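All chains, full assembly: derive it from the sequences and hints.
Top line first, the protein sequences correspond to chains L and D. Going by numbering that gives the first Met the number 0, 293 is the number at position 294 of the first sequence; the sequence numbering is gapless. Going by numbering that gives the first Met the number 0, 359 is the number at position 360 of the second sequence; the sequence numbering is gapless.
None of these hints come from the bench; they were simulated from the model. Please note that a few of the clues may not be correct.
[To be verified] Using 25 Å as the maximum straight-line C-alpha spacing, the simulated SDA-like pairs for lysine to any residue come out as follows:
no., chain 1, residue 1, chain 2, residue 2
1, L, Lys176, D, Arg411
2, L, Lys338, D, Lys200
3, D, Lys200, L, Lys360
4, L, Lys360, D, Gly158
Please read all numbers here as calculations on a predicted model, not as lab measurements.
There are 2 protein chains.
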Amino acid sequence: MRMFRKLLTLDEAEKVIRRHFKPKPLGVEEVPLLEAHNRVLGEDVVATLDIPPFNRSTVDGYAVKAADTFGADENRPVWLKVCGRVNVGEKPCTTVTHGSAAEIVTGAPMPEGADAVVMSENTKREDDDLYIYGAVAKDENVMKTGADIRKGETVLKAGRLLGSREIGVLAAIGTVKVKVYLIPRVAVLSTGAEVTEPGGKLTSGRIYDINAYSLSAAVSESGAKPVYLGVFPDDRAELEKALKRALASADVVVTSGGVSVGPKDIMPQTVDSLGEPGVIVSGIAVKPGKPTTVAVVDEKLLFSLPGHPASALLIFHLLASPIIRLMSGREVHEAAEVKAFVAMRMFPAKGRRTFITVKLKRDKANRLVAEPVPTGLSGAITTLAHADGFVEIAENVQFVDAGEEVKVRLFRNLEEGLL
Amino acid sequence: MRMFRKLLTLDEAEKVIRRHFKPKPLGVEEVPLLEAHNRVLGEDVVATLDIPPFNRSTVDGYAVKAADTFGADENRPVWLKVCGRVNVGEKPCTTVTHGSAAEIVTGAPMPEGADAVVMSENTKREDDDLYIYGAVAKDENVMKTGADIRKGETVLKAGRLLGSREIGVLAAIGTVKVKVYLIPRVAVLSTGAEVTEPGGKLTSGRIYDINAYSLSAAVSESGAKPVYLGVFPDDRAELEKALKRALASADVVVTSGGVSVGPKDIMPQTVDSLGEPGVIVSGIAVKPGKPTTVAVVDEKLLFSLPGHPASALLIFHLLASPIIRLMSGREVHEAAEVKAFVAMRMFPAKGRRTFITVKLKRDKANRLVAEPVPTGLSGAITTLAHADGFVEIAENVQFVDAGEEVKVRLFRNLEEGLL
Numbered sequence: 000m001r002m003f004r005k006l007l008t009l010d011e012a013e014k015v016i017r018r019h020f021k022p023k024p025l026g027v028e029e030v031p032l033l034e035a036h037n038r039v040l041g042e043d044v045v046a047t048l049d050i051p052p053f054n055r056s057t058v059d060g061y062a063v064k065a066a067d068t069f070g071a072d073e074n075r076p077v078w079l080k081v082c083g084r085v086n087v088g089e090k091p092c093t094t095v096t097h098g099s100a101a102e103i104v105t106g107a108p109m110p111e112g113a114d115a116v117v118m119s120e121n122t123k124r125e126d127d128d129l130y131i132y133g134a135v136a137k138d139e140n141v142m143k144t145g146a147d148i149r150k151g152e153t154v155l156k157a158g159r160l161l162g163s164r165e166i167g168v169l170a171a172i173g174t175v176k177v178k179v180y181l182i183p184r185v186a187v188l189s190t191g192a193e194v195t196e197p198g199g200k201l202t203s204g205r206i207y208d209i210n211a212y213s214l215s216a217a218v219s220e221s222g223a224k225p226v227y228l229g230v231f232p233d234d235r236a237e238l239e240k241a242l243k244r245a246l247a248s249a250d251v252v253v254t255s256g257g258v259s260v261g262p263k264d265i266m267p268q269t270v271d272s273l274g275e276p277g278v279i280v281s282g283i284a285v286k287p288g289k290p291t292t293v294a295v296v297d298e299k300l301l302f303s304l305p306g307h308p309a310s311a312l313l314i315f316h317l318l319a320s321p322i323i324r325l326m327s328g329r330e331v332h333e334a335a336e337v338k339a340f341v342a343m344r345m346f347p348a349k350g351r352r353t354f355i356t357v358k359l360k361r362d363k364a365n366r367l368v369a370e371p372v373p374t375g376l377s378g379a380i381t382t383l384a385h386a387d388g389f390v391e392i393a394e395n396v397q398f399v400d401a402g403e404e405v406k407v408r409l410f411r412n413l414e415e416g417l418l
Numbered sequence: 000m001r002m003f004r005k006l007l008t009l010d011e012a013e014k015v016i017r018r019h020f021k022p023k024p025l026g027v028e029e030v031p032l033l034e035a036h037n038r039v040l041g042e043d044v045v046a047t048l049d050i051p052p053f054n055r056s057t058v059d060g061y062a063v064k065a066a067d068t069f070g071a072d073e074n075r076p077v078w079l080k081v082c083g084r085v086n087v088g089e090k091p092c093t094t095v096t097h098g099s100a101a102e103i104v105t106g107a108p109m110p111e112g113a114d115a116v117v118m119s120e121n122t123k124r125e126d127d128d129l130y131i132y133g134a135v136a137k138d139e140n141v142m143k144t145g146a147d148i149r150k151g152e153t154v155l156k157a158g159r160l161l162g163s164r165e166i167g168v169l170a171a172i173g174t175v176k177v178k179v180y181l182i183p184r185v186a187v188l189s190t191g192a193e194v195t196e197p198g199g200k201l202t203s204g205r206i207y208d209i210n211a212y213s214l215s216a217a218v219s220e221s222g223a224k225p226v227y228l229g230v231f232p233d234d235r236a237e238l239e240k241a242l243k244r245a246l247a248s249a250d251v252v253v254t255s256g257g258v259s260v261g262p263k264d265i266m267p268q269t270v271d272s273l274g275e276p277g278v279i280v281s282g283i284a285v286k287p288g289k290p291t292t293v294a295v296v297d298e299k300l301l302f303s304l305p306g307h308p309a310s311a312l313l314i315f316h317l318l319a320s321p322i323i324r325l326m327s328g329r330e331v332h333e334a335a336e337v338k339a340f341v342a343m344r345m346f347p348a349k350g351r352r353t354f355i356t357v358k359l360k361r362d363k364a365n366r367l368v369a370e371p372v373p374t375g376l377s378g379a380i381t382t383l384a385h386a387d388g389f390v391e392i393a394e395n396v397q398f399v400d401a402g403e404e405v406k407v408r409l410f411r412n413l414e415e416g417l418l
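Below, the structure written as structure tokens:
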């Protein structure tokens, strides 16, 4: 492990991480179209046919030669002879010649010889005699072959998130299976002698694990699949075994706890011993989250987050989530921001980028006000759950005064980024 | 089927639907906490223990009686005798009396007799002699029993969407399984003589099905599970069988196609024959989507959407999605809006609420401009996929002039509402 003279800033930490690890999709897999929703397209998709594949009527009416209708108006209808009928889904068996028309329904293919459709509303029919009360131009009420998609055209590009509209485009060109980026696997484990898995009996001095659960959910929110590994004691040999298993079974590893300076905080040493280059970030000038450790082992990223649930989640959102999203082929998701007035003076930690959790309220003048809520204490997860977002205070700011307007980044939106 | 003298407005249609059908969750199921992410809590959750379950040190340092430290400062330290040590996860075996202190680490339980913790930084230790260079108040650096969550307290209410923070709260109180609302099942089927399932051979005059795929994805986006039933021909007997199967296998049915006035558009009649009250909305004064039909059969909702892919998706978002979201226990999701200037004069359809699909661009002055894109033609799904949102024009508006500022509702956000 290198010696670190001073803490990296958050920006420096991000740069160091990106220098050692270039986040990119891990490969592609083929999935049925019905399972492709909310996946990310892993290849450019080229249409192998024109859409529509034939000239199509867009109305119910009569397929005609447009020239035959010229001069028709409400007082002087044009007379044509109905020579047949075209239904949807059928090859037209009739041909339209000068002086004739074919009955046609919406979506049916244009019969040979016809180049426009007169809407039913503008006609009167008596047996096979058709009176047309309005002229149509060439191609009127016709959707031409390839008007929507041209054969050979790239309809969707790699990296596109497949929502309902994109799935529709893929169906239109007859796609059965689609290549999408692999979903990264992110191993999540907690450490701490006092930490017990939910469901276990809580003996004296022990608490239930929060982080492996909340971070697994945050992994899902980042477009990846959590691999829950559970809780490990502060025992170097056991931890080493668990981390090796985590590295073998996942693309990214996220741990929490064991990174402070306490005598039992053995995470950084253990992580560093696993391989080269080992620890690349050892502490960051942020509050909360100062003891955050980041390592690269066998070209895999390993985030060791603090044990405090609120700190762990915040640092996950700031540092880990953007990288995991890029690995899943997604865009980095910026939290939605609202502007609010600060309810009371907020002091940052000296020299550290400070994130203050806030609740949003309306004051008497109906202005949005950000009220700090304390989540600094270990385990204050409820406070976090009932908060709305956080305010970021830069390293060089002395304080943010009551009444100042600040940007509040919203938790809910961060979480909804993706599921 | 009742006779409808004139088309309902969109607002009237919504009211009629709500009069016949009260959307609410369908029941609850119990799932493991690790699978509860992005589900909706189906019951109020009451804490069965205090969190933390014991008084906890929030720092590394020495547990003391606060009164013993009064008067201590950098020049005149207070001397105490170290009487033991408390680790995390252990029941303290030492008791702090006047004149003594116990070494303690972050998260460890406070030993009997101690009521505050002095941070290590403010002490000097020589063997068992401890010099304290700063006074602490009672409870300083201590997180008290129940400070985060009180036993008996309702920590999360039914209806809460379970994101990473809520999952953390549930883990904190030792939750293993959690009651969540059932995910509604929504059957999706397409009709049309010309419609072929993707993968099938496209014979003359036929096109691939889009709607069953795009609508299935839209169902997922609304918090429900799509039940894909495929494509059915315009045959009354077959359609009736398919719809009965759909009603039996799902909580809501969404069909597309077969609702226009063409001779083969048999959907409304078929739907109406299935049970009481049958069709409750037969056409809506909107564009696109005018032929939309809504029925209630055996207390289940059945939406018959138009066959045009863009119309079907729009009407699904406007009418069906809010109801499906409420049935999944979620809040109705409003599309994010941006303000933009209209690029060219836009005309609504006379007397109909009109939705115009637009693409957003920046003009030379860097203002956001909404440019209408044509999706009115059957199958123009690509145009829809590359559009950004839509502008709504009220029934009584003559036109929206070029340069007017309008609200654009964003597709992407509608889709990201939920997955």
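Inset, instruction - For the pair supplied as a hint, L/Lys176 and D/Arg411, confirm whether the alpha-carbon distance does not exceed 25 Å. - result: holds, 23 Å
Inset, instruction - Mind checking the alpha carbons of L/Lys360 and D/Gly158 for me, to see if they're no more than 25 Å apart? - result: holds, 21 Å
Inset, instruction - Measure nothing beyond the straight line between the CA atoms of D/Lys200 and L/Lys360; if it is 25 Å or shorter, mark the hint as holding. - result: At roughly 59 Å apart (the allowed maximum being 25 Å), L/Lys360 and D/Lys200 break the hint.
Inset, instruction - Starting from L/Lys338, check that the Cα of D/Lys200 is at most 25 Å away, please. - result: Roughly 55 Å between the alpha carbons, so the hint for L/Lys338 and D/Lys200 is violated.
Consistency note: the structure conflicts with the earlier hints numbered 2 and 3.
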